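Construct the complete structure from the given sequences, taking the supplied hints into account.
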Amino acid sequence: MAERYSSFQAGGRLWLWQRITAAFLIVVLAFHFFLLHFVHHADEVTFAMSAGRMETWSYYSLMILFLVTATFHGVNGVYNALINAGLTGVKRRAVRIALGVASLLLLVQGFRTANAWAGIDLIPIL
Amino acid sequence: MSTQRQRAETETDSTETETAQERRLEEKRQRAEERERKRVEAEERAAADAERYHLKVFRYDPEVEGKQEPRFDDFHVPYEPGMTVLDALIYARDQFDASLTFRHSCRQAICGSDALFINGSQRLGCQTQLSDLEQPVRIEPLPHSEVVKDLVVDMEHFYDQMESVEPYFQTTDRPDGELEEQRQSRENREKIKKSTRCIWCGACMSSCNIAAGDNEYLGPAAINKAYRFAMDEREGEDMKQRRLEIIEQEHGVWRCQTQFSCTEVCPKDIPLTEHIQELKREAVKSNLKFW
Amino acid sequence: MYEYDVIVVGAGGAGLRAAIAAQEAGADVAMVTKLHPVRSHTGAAEGGINAALREGDDWELHAYDTMKGSDYLGDAPAVEALTQESPEEVIQLEHWGMAFSREDDGTVSQRPFGGLSFPRTTYAGAETGHHLLHTLYEQVVKRGIEVFDEWYVLNLAVSDEDDPGERSCHGVVAYETATGNVEAFTARDGVILATGGLGQVYDHTTNAVANTGDGVAMAYRAGVPAEDMEMIQFHPTTLPSTGVLISEGVRGEGGILYNDEGERFMFEGGYANNDGELASRDVVSRAELTEVNEGRGIEDEYVHLDMRHLGEERIVDRLENILHLAEDFEGVDGLEEPMPVKPGQHYAMGGIETDEHGQTCVDGLYAVGECACASVHGANRLGGNALPELIVFGSRAGRHAAGETEEPRITVGRTEDAEPGDVETPVELGEPWATEAVADGGAAAEAGEAIVERTLERERQRVERLLERDEGTQHAEIRAAVQHTMTENVNVFREEAALKEALVDIRAARERYRDVYVADPSSTYNTDLIQTIETRNLLDIAEMITVGALARDEFRGAHWRKKHQERKDDGWLKHTMVSWSNGSPELWYKPVVLEGENQTYEPKERSY
Amino acid sequence: MSQSYDRGLIEDFGRWREFSAGMWAWVFHKFTGWVLIGYLFTHIAVLSTALTSASADPATVAANQDLYTQTIQALEGLLVVRLLEVGLLAVAVFHILNGTRLLLIDLGIGLGTQDRSFYASLILTGAIVVASIPTFLAGVSL
Ligand SMILES: Cc1cc2nc3c(=O)[nH]c(=O)nc-3n(C[C@H](O)[C@H](O)[C@H](O)COP(=O)(O)OP(=O)(O)OC[C@H]3O[C@@H](n4cnc5c(N)ncnc54)[C@H](O)[C@@H]3O)c2cc1C
Ligand code: HEM
Ligand code: SF4
Ligand code: F3S
Ligand code: FES
Numbered sequence: 001m002a003e004r005y006s007s008f009q010a011g012g013r014l015w016l017w018q019r020i021t022a023a024f025l026i027v028v029l030a031f032h033f034f035l036l037h038f039v040h041h042a043d044e045v046t047f048a049m050s051a052g053r054m055e056t057w058s059y060y061s062l063m064i065l066f067l068v069t070a071t072f073h074g075v076n077g078v079y080n081a082l083i084n085a086g087l088t089g090v091k092r093r094a095v096r097i098a099l100g101v102a103s104l105l106l107l108v109q110g111f112r113t114a115n116a117w118a119g120i121d122l123i124p125i126l
Numbered sequence: 001m002s003t004q005r006q007r008a009e010t011e012t013d014s015t016e017t018e019t020a021q022e023r024r025l026e027e028k029r030q031r032a033e034e035r036e037r038k039r040v041e042a043e044e045r046a047a048a049d050a051e052r053y054h055l056k057v058f059r060y061d062p063e064v065e066g067k068q069e070p071r072f073d074d075f076h077v078p079y080e081p082g083m084t085v086l087d088a089l090i091y092a093r094d095q096f097d098a099s100l101t102f103r104h105s106c107r108q109a110i111c112g113s114d115a116l117f118i119n120g121s122q123r124l125g126c127q128t129q130l131s132d133l134e135q136p137v138r139i140e141p142l143p144h145s146e147v148v149k150d151l152v153v154d155m156e157h158f159y160d161q162m163e164s165v166e167p168y169f170q171t172t173d174r175p176d177g178e179l180e181e182q183r184q185s186r187e188n189r190e191k192i193k194k195s196t197r198c199i200w201c202g203a204c205m206s207s208c209n210i211a212a213g214d215n216e217y218l219g220p221a222a223i224n225k226a227y228r229f230a231m232d233e234r235e236g237e238d239m240k241q242r243r244l245e246i247i248e249q250e251h252g253v254w255r256c257q258t259q260f261s262c263t264e265v266c267p268k269d270i271p272l273t274e275h276i277q278e279l280k281r282e283a284v285k286s287n288l289k290f291w
Numbered sequence: 001m002y003e004y005d006v007i008v009v010g011a012g013g014a015g016l017r018a019a020i021a022a023q024e025a026g027a028d029v030a031m032v033t034k035l036h037p038v039r040s041h042t043g044a045a046e047g048g049i050n051a052a053l054r055e056g057d058d059w060e061l062h063a064y065d066t067m068k069g070s071d072y073l074g075d076a077p078a079v080e081a082l083t084q085e086s087p088e089e090v091i092q093l094e095h096w097g098m099a100f101s102r103e104d105d106g107t108v109s110q111r112p113f114g115g116l117s118f119p120r121t122t123y124a125g126a127e128t129g130h131h132l133l134h135t136l137y138e139q140v141v142k143r144g145i146e147v148f149d150e151w152y153v154l155n156l157a158v159s160d161e162d163d164p165g166e167r168s169c170h171g172v173v174a175y176e177t178a179t180g181n182v183e184a185f186t187a188r189d190g191v192i193l194a195t196g197g198l199g200q201v202y203d204h205t206t207n208a209v210a211n212t213g214d215g216v217a218m219a220y221r222a223g224v225p226a227e228d229m230e231m232i233q234f235h236p237t238t239l240p241s242t243g244v245l246i247s248e249g250v251r252g253e254g255g256i257l258y259n260d261e262g263e264r265f266m267f268e269g270g271y272a273n274n275d276g277e278l279a280s281r282d283v284v285s286r287a288e289l290t291e292v293n294e295g296r297g298i299e300d301e302y303v304h305l306d307m308r309h310l311g312e313e314r315i316v317d318r319l320e321n322i323l324h325l326a327e328d329f330e331g332v333d334g335l336e337e338p339m340p341v342k343p344g345q346h347y348a349m350g351g352i353e354t355d356e357h358g359q360t361c362v363d364g365l366y367a368v369g370e371c372a373c374a375s376v377h378g379a380n381r382l383g384g385n386a387l388p389e390l391i392v393f394g395s396r397a398g399r400h401a402a403g404e405t406e407e408p409r410i411t412v413g414r415t416e417d418a419e420p421g422d423v424e425t426p427v428e429l430g431e432p433w434a435t436e437a438v439a440d441g442g443a444a445a446e447a448g449e450a451i452v453e454r455t456l457e458r459e460r461q462r463v464e465r466l467l468e469r470d471e472g473t474q475h476a477e478i479r480a481a482v483q484h485t486m487t488e489n490v491n492v493f494r495e496e497a498a499l500k501e502a503l504v505d506i507r508a509a510r511e512r513y514r515d516v517y518v519a520d521p522s523s524t525y526n527t528d529l530i531q532t533i534e535t536r537n538l539l540d541i542a543e544m545i546t547v548g549a550l551a552r553d554e555f556r557g558a559h560w561r562k563k564h565q566e567r568k569d570d571g572w573l574k575h576t577m578v579s580w581s582n583g584s585p586e587l588w589y590k591p592v593v594l595e596g597e598n599q600t601y602e603p604k605e606r607s608y
Numbered sequence: 001m002s003q004s005y006d007r008g009l010i011e012d013f014g015r016w017r018e019f020s021a022g023m024w025a026w027v028f029h030k031f032t033g034w035v036l037i038g039y040l041f042t043h044i045a046v047l048s049t050a051l052t053s054a055s056a057d058p059a060t061v062a063a064n065q066d067l068y069t070q071t072i073q074a075l076e077g078l079l080v081v082r083l084l085e086v087g088l089l090a091v092a093v094f095h096i097l098n099g100t101r102l103l104l105i106d107l108g109i110g111l112g113t114q115d116r117s118f119y120a121s122l123i124l125t126g127a128i129v130v131a132s133i134p135t136f137l138a139g140v141s142l
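Protein chains in written order, with UniProt numbering: chain F, 1 to 126; chain U, 1 to 291; chain B, 1 to 608; chain A, 1 to 142.
Derived from the structure by calculation, the hints contain no laboratory data.
Fair warning: this is a prediction, and the values are worked out from it, not measured in the lab.
Hints are supplied without guarantee of correctness; some may be wrong.
[Claimed, not checked] Derived DSS-like pairs (lysine-lysine); straight-line CA-CA distance at most 25 Å:
| # | chain 1 | residue 1 | chain 2 | residue 2 |
| --- | --- | --- | --- | --- |
| 1 | B | K142 | U | K193 |
| 2 | U | K240 | U | K193 |
| 3 | U | K194 | B | K142 |
Right, here's the structure in full:
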């Protein structure tokens, strides 16, 4: 029983987070597309403009949250799909680690880019 | 057991019981022959102008040479109004090939033996009218299960999943009086009614791609079975928690990707996806309480 | 070789209940069944379970109704056991979670049913049997009782003393469908037969394809008498094209029967001036056939059952399943149009003779459910009385087999009471050429193990023999011939000449069966082989029914004879018994037990 | 005892003609989800060029001659990229719409009309994409 219970925690929570991030993404993704294709046209994008937007804290934090949720949502979606396809045992652990590393890299890289725009030097070594 | 001996016996038999008997027998035989001739004629006539349905039936037998490689056999079955796929299979077996093998029993969509893959979807043979199908009617065993022979698949895994959800009523508070029933509101019975209709045919499980990929996935039928008990107010709150724990396991409800195939094929019209979704919400709700 | 205390053959309602009871009484139990338990035909039962549960009703009233319904061919001790214990068994089912239909206050609903003086039929929608079967199977799963499903029982391992009353049963031999293995199951304490109905002797039946009367035939050939086999119930409301049953619940809720002229003939034709549509089944079936025979049938075949006036809400609430059945199997929308119905074979009142504990005259052999005849139904079963029979006698036999003993009030086997019988038949009956009669000269005091071994060997050879042959007649032809003649000649209306014709046909079918062959050589899931064996059982069953019908020259309950259209209480308050003796059936009679616990049931006229 | 007749994934998709609405929705959602996550990785990789721009000479940046601006503008100047973007839009819009459909289904809304809501997602996706084409292709040099 206990075993089931703990695995439930993971399964149920991830499932719920997938929905919560999805709900958040609907709004942000629509905003993102709208801003970068309709308000500003894609070919007009320049570093300076991006940097300008990023320097406002509200936009910056929204984009960071966007990055985090999208990464979680996407990577968890992929992981889920692989479990559904019957991935088990060692292979599954390997995939979990690989996906974890990939998302970490993605997040770090995304962070650094955003910071570059915003002109933040939070952690100098990055 | 030779025919020789059989004839001898019939003879002693008739000498013992008078010649009137013999005459009657003779007349009877003639009548029978007459009837038989008429029947054969009628059948031939019917066969000649009857509409025939073309069946393509999957065949496989691990032991019989020529059937070890899966193949499709063609049968042309004379159509009668109201004929079902099961009727057609029975006809084909009794008239053309006695080795044609399929499970069936009740002929009325209650025993759940004859879930088959008919023209690309999971249906009960006995519940499917031939006239609703395009020809040739392709009849295969349920996908995603081991084929034992012809249309018979191994149901063991399905049964295991069904039985893994503790599919039996459990309660701690029974009424005191020996002859007293537990109370259940009409609304509550209504709520579980559809879920109690499952006939264990396995159609849903076979149609679900997730179940096909993840062998440990409980599958729609077992989850529905769990729903039947989790939602039954007679079991009480404690049991409900336990039920939720069962379906919340890794290979429980979370695996469901709302493909709806199960709901689509269920011959008993059980809203499986709806039940699974409701359980997911119940699970989240009860889980939030712990946070 | 498997070994258990109690072996239950068949996993319908009766078998499951017996297994649970035996296990609760401490026995190590296994079930052997040719279908997976949930596939059993108990699942098809629609209407309900009779139990005197409420204020104003009591078991004695139920017993009275049942005796009257049986046309005084029921044995009072069995009837009283049924009616006394059915309430607690029903409540037990409820406690096991069965989804009964409910009243507003949350109690179990009850509805009126044909032949009952009180609305005492508990039900779960129009799919009571489905719920009962699944609830019981769930309990079997819970208890971890071993189930050998898709194992076909070929024969019983019974000793071979000359007097069947001295024989004993030590197990069964079964064929594993998936692999073709023939294995023995030794029963230390008892074998319980619960193999269900035998409707497949007819071609228009509400019964499943698997209802081939195997248990009756096996017990019969082991020497146990078959009782009242001629008593076959024809249900008045089955769909004409398939035989699918339209529950009596429809009439219980107020459904009405009309003939082609739009007359409510049950009243207008004077068939049942008080109860109309709710008269006992035999009465309604005969009424329908009379209407059809006199030209007032629709398409000269059926009559109409109309429930539209009940209103959609009530129909959907209580009879939803009926709507699906009418739609799927007859293409009729019960909310919009009347449903076509005609009588079809439905139930066998007769069967393996048992006492009120389910025990037969062979020591260690029990029978319960539809295959048995403790005689609760006598000449006619009331609707809603078979399901309680499954649970009451299932439970009794289970406990008894597991060691609980109680003196029976019904005697079984051929005792001093037996009265020899005789019928004139146009042909010799039975299988005079049979080589496998039980009594084949072995030592009488043999050990159980040796008996099981010997049976195993014999059955292995039989299977091999059947598989070896590669030409001859196929069983399907033989089966069709039997079904045809039974439907033609041994139906609702019975005449001497026709019955004799049936015997001739059965004999002819037997002769053909001598060179039956199995076309499928496979040992994997060989249904051809199994059906061939079933067909042989059907031959015996058909013969028993016909012999009984020929002997009983009176009109009682479901049994009607053209030249004898009256109940003859002087000569016929007795059961027809058929015993297998050296390869042929032997007819005898035993008296009905009308003395109950507190009263004697005096035969009264049965009017509805 | 028994041998299974091959019913692998390929064979399953070989039966695509037999799929029902819910199955198609699932297949498309999965596909679009994978495209989106793939894109997210690419997207961040491309955007990373901003890192060099940040440390570049402010004059270059002001003149829009920094690596980031040049990369983006070069890419956006290509018709293929614009077309791919339209594709991405289609993918994203479908995933959003169907995702919304799924969220509602999770909440127990619209279970009975799930097939229709899937068709609606498809049609709406088509409409939005067609309507956006002019904007998406604006200013591209052929
Ligand atoms: C359509 C229909 C509706 C009915 N409605 C009602 C109703 O409303 N109320 C009511 O009281 N009664 C009703 N009845 C009657 C009642 O349902 C049956 O009499 C009863 O279900 C029989 O149960 P059983 O357990 O004896 O047999 P079944 O349920 O038929 O079970 C027989 C079992 O024996 C097994 N078996 C058979 N032969 C062998 C063999 N050779 N080896 C191994 N296993 C074997 C089978 O696998 C099966 O598991 C109805 C019957 C029918 C057909
Ligand atoms: C950057 C944006 C997004 C990415 C990268 C992404 C990616 C994914 C991926 C990979 C999956 C798994 C699909 C599968 O294999 O089953 C998935 C599932 C899902 N996505 Fe997205 N998605 C994004 C945006 C959205 C948005 C905006 C929504 C909003 C509605 C959404 C809703 C969902 C839902 C509900 C699922 C779960 C499907 C299920 O498990 O049943 N996604 N997503
Ligand atoms: S849920 Fe429906 S499809 Fe699935 S096993 Fe039960 S009856 Fe069959
Ligand atoms: S088909 Fe499978 S994915 Fe869910 S909705 Fe049914 S269980
Ligand atoms: S034969 Fe019983 S469900 Fe089809």
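**OP:** Against the earlier hints, flag every one the structure doesn't satisfy and list their numbers going up.
**Re:** Every hint satisfied by this model.
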